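Asker: Sequence:
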Amino acid sequence: MNRRFLLAVAGWLVAAGAATATGLAAVHVIGPGITGPVGEVVSEAAVARSLAAAPPPATAVPTGVPGPPTRPGAGPTDDPNSDRVMSTPGGTVVARCLEGEVLLVSWAPAQGYGIKEVDREPDAHVQVTFEGVAGQVEVDLSCVAGRPAASWD
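Sequence positions in the sequence shown follow mature numbering (1 follows the signal peptide of the UniProt record, and there is no 0) and run -21 to -1, 1 to 132.
Worth flagging that the hints you see were computed from the coordinates, not collected in a lab.
Cross-link-like lysine to any residue pairs, in silico, SDA-like; alpha carbons within 20 Å at most:
hint : residue 1 : residue 2
1    : Lys95     : Thr108
2    : Lys95     : Met65
3    : Lys95     : Val73
4    : Lys95     : Gln115
Bear in mind that the values here come from a model prediction, so they are computed numbers and not experimental data.
Modelling step: build the complete structure from the supplied sequences, incorporating the hints.
Answerer: And the structure:
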């Protein structure tokens, strides 16, 4: 019985050692894929390359009521800086006016809401519907004086 007990303990130790070695080897092989480059030293040249390749930071766009053009004849253009961010109870919508039609640039639901329906094609009137536990919010967008305008219920 004493010999059986020693063989059982030895078997358990060998199995535990093999399992530990296998686990360590697996983590070593795929470690960077699951843990990321922890503690990795980055050279100054690598930082410069990363910064040069990064897109420029987004600029904030005012969401106030649009005023009249600043000079005679000035009006909306196809400039992407003419995007307007509009916040609603159901989420946020970014739109722009192009040739009298409103174009949805992006939309994001607020916390607790999801996207139910989106009119993706430019048109005189487009709609985004957010749905959540508090109900449904339909955002209607159109161009007013060459600027995106939104109403919702």
